[in-house]
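Participant: Chain residues, written in single-letter form:
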Amino acid sequence: MHEDQFTGIVGPSGAGKTTLLRLLLQTLNPVAGTVWRAPDLRVGYVPQLESVSWNFPITVFECVLMSRKSSRIRPWSSASEKASVSAVLDRLGISDLGERHIRELSGGQQQRMFLARALLRQPQVLLLDEPTSGVDISTRHDILHLLADLHEDGMAIVLTTHDLNGIAAHLPHLVCVNNRIVGEGTPNEVMTPEVLERTFGARMDVLEHLGVRLVVDEGPTPYTPGTRT
Amino acid sequence: METLLEPLSYAFFQKGLLVASLSGAILGLIGVYIVLRGMSYIGHGLAHSIFGGFAAMQLFAAKFYAIGAGLWGIASALAITTVTKRSRVGADAAIGVITIASFALGVALFAKFGTSGPSFENALFGSILGITTGQIVGLIAVAILTTGFVILRYRALLFSTFDPDVAAVSGVNVGRIEAALMVVLSLAILATLTVIGVTLVAAMLVIPAVIARMLTDSFGRMLAYSTLIGTLCGFIGMYTSYYADVPSGTMIVLVGAALFIVVLATTGGSGLSRSAGLDKHPEELVSK
Chain B
1 MHEDQFTGIV GPSGAGKTTL LRLLLQTLNP VAGTVWRAPD LRVGYVPQLE SVSWNFPITV
61 FECVLMSRKS SRIRPWSSAS EKASVSAVLD RLGISDLGER HIRELSGGQQ QRMFLARALL
121 RQPQVLLLDE PTSGVDISTR HDILHLLADL HEDGMAIVLT THDLNGIAAH LPHLVCVNNR
181 IVGEGTPNEV MTPEVLERTF GARMDVLEHL GVRLVVDEGP TPYTPGTRT
Chain H
1 METLLEPLSY AFFQKGLLVA SLSGAILGLI GVYIVLRGMS YIGHGLAHSI FGGFAAMQLF
61 AAKFYAIGAG LWGIASALAI TTVTKRSRVG ADAAIGVITI ASFALGVALF AKFGTSGPSF
121 ENALFGSILG ITTGQIVGLI AVAILTTGFV ILRYRALLFS TFDPDVAAVS GVNVGRIEAA
181 LMVVLSLAIL ATLTVIGVTL VAAMLVIPAV IARMLTDSFG RMLAYSTLIG TLCGFIGMYT
241 SYYADVPSGT MIVLVGAALF IVVLATTGGS GLSRSAGLDK HPEELVSK
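Taken in order, these protein sequences are the chains called B and H.
Under the working numbering, the first residue of the first sequence carries the number 1, and numbering increases by one thereafter.
Under the working numbering, the first residue of the second sequence carries the number 1, and numbering increases by one thereafter.
Hints should not be assumed to be uniformly reliable.
[Stated by the list, open to error] Here's a subset of chain B near chain H, in silico, CB distances under 10 Å, partners left out:
id : residue
1  : Y45
2  : P75
3  : E99
[Said to hold, decoys possible] Taking CB as the label site, the calculated pair distances span:
id : chain 1 : residue 1 : chain 2 : residue 2 : range
4  : B       : G107      : H       : V246      : 43 to 53 Å
5  : B       : S86       : H       : A265      : 30 to 40 Å
6  : H       : A93       : B       : T34       : 30 to 40 Å
[Unchecked claim] Below, a sample of chain B positions facing chain H; criterion: calculated Cβ distance under 8 Å:
id : residue
7  : T27
8  : V31
9  : V43
10 : M66
11 : S67
12 : K82
13 : H101
14 : R121
No wet-lab data here; the hints were simulated from the structure.
Each residue gets a CB set at the ideal place from its N, CA and C atoms; glycine is no exception.
Next up, chain B with everything else stripped away, as it sits in the complex (with noise of 0.2 Å):
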């Protein structure tokens, strides 16, 4: 990975993508190979909603604020603290949840708060594990126009991600990824029907729409009423 990488990791459920960003993350040990990291590197982390426990606790300040280690005594937050977590609620547009709780908010604020808890750490690279399943259209737009800001501003981005057409597509770079590396380079390059039926093994058909490209996915035969055999 380089400073500017702005990557997504594309396959189908079971492919290794979320095994592949906890290698990245350390929490994994690689049985074979190895995975190099510098050793002060900052990493931020937003993990899948779902594998959020929603009962617990915790408002949504609460939970932004865990990212960041205390140097003082007291548990509770400084003033300096909560003034970086307002900022950084702040920066995502939800500086009026604060005082939620966690389940309270939509698919997309909870999504922006996991990111507000990364980015407090002021992270050189950030990791997303599949940052747009389960929001809205618009949600996903805002989410990828945040990250593309974040990029701008000089943060290395690796997500993984199963929708092709929705984020693969508008990324400047993608890993395709079935138990191993199936293809690797541009949307351009990587979503072609050759590259994409190694990966997700379904034939699939490839457009361009105002120089993006689009994945139509034949599917199976329609069901017509009476024609069951």
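Position chain H relative to chain B; hints supplied.
Facilitator: Frame of chain B, contents of chain H only:
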């Protein structure tokens, strides 16, 4: 009024009130982390394990058997976290296997080689009146240790309880924090065992935390409420046990249970939905 003040004129009762309230506070505080980690039954298991340790240690280290029993409990607690981490065995199953096996081992050793020891009934249900100065000092030390641990490691404890994977990535040494929590928990159970009793200590680890969870959605407030509720249960339980003439441990737990019912009735659905799923490990909780 006079009837209320009557027990306070006895030195043993004043001591009992202090010890019961302090025990409630310690278990209420540490219980928040146990309940939120989906390890509610670890209190039950560890109390039995330490009881087994008591029995066994009386044979080997007559004078320092409490220390031996504490180490026995810590070893069981650490074994649970190790087994849970390194295998497919869930925390609940690991608790069931390890603590009860260590209980059985202690009792077996005692039955084979033991001759004398504290009465089993006292240990099972708690005997606040026979408490020694040494035990009170131990209880105060554990209270200071528990509070200090929660305050000094507040964020790391919170982060590793809420989201251990991301905590590990964010520079929290999750393994060390969990091991330290198990050590503090073992010491808390060891210190309160004689007050509340082996069979009842688990309830005081869970009840205040669950009541607190029904009352608030904030982690900081849950810690404060749970400690306060634990203290109250200890205090009121001790007081009522004087009049009801039953072991203090049973009254402490019954007061907690009564409070639980009152809070459940007043908070209704919102309280229940807040406390729902507290017995599950985060990974088992899918979506909202």
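Participant: So, for every hint listed, does it hold in this structure?
Facilitator: Hints versus structure:
1. A hinted interface residue such as B:Y45 counts as satisfied when its beta carbon comes closer than 10 Å to some beta carbon of chain H; here the least separation is about 5 Å, so the hint holds.
2. The interface hint given for B:P75 is met, as the beta carbon of that residue sits about 3 Å from the closest beta carbon of chain H, less than 10 Å.
3. Taking 10 Å as the C-beta contact cut-off toward chain H, the hint placing B:E99 at the interface holds, the least distance being around 8 Å.
4. Against the hinted window of 43 to 53 Å, the Cβ-Cβ separation of B:G107 and H:V246 comes to about 52 Å, which satisfies the hint.
5. Range check, B:S86 to H:A265: Cβ separation about 38 Å, and the 30 to 40 Å hint holds.
6. For H:A93 and B:T34, the Cβ-Cβ distance of about 34 Å falls inside the hinted range of 30 to 40 Å, so the restraint holds.
7. A cut of 8 Å between beta carbons decides the hint on B:T27: the least distance to chain H is about 6 Å, and the hint holds.
8. Given hint, B:V31 at the interface with chain H, is violated; its Cβ is 16 Å from that chain's nearest Cβ, farther than 8 Å.
9. Annotation: B:V43 was flagged as interfacial toward chain H, and the flag holds, the nearest CB pair being 6 Å apart, inside 8 Å.
10. The interface hint given for B:M66 is met, as the beta carbon of that residue sits about 4 Å from the closest beta carbon of chain H, less than 8 Å.
11. With its C-beta approaching chain H no nearer than about 5 Å, B:S67 sits inside the 8 Å limit, and its interface hint holds.
12. Taken as an interface hint, B:K82 does not check out: its beta carbon lies about 14 Å from the nearest beta carbon of chain H, beyond 8 Å.
13. Annotation: B:H101 was flagged as interfacial toward chain H, and the flag holds, the nearest CB pair being 4 Å apart, inside 8 Å.
14. Interface restraint check for B:R121: the shortest CB-CB distance to chain H comes to about 6 Å, inside 8 Å, so the restraint holds.
The structure fails to meet hints 8 and 12 from the earlier list, while all remaining hints are met.
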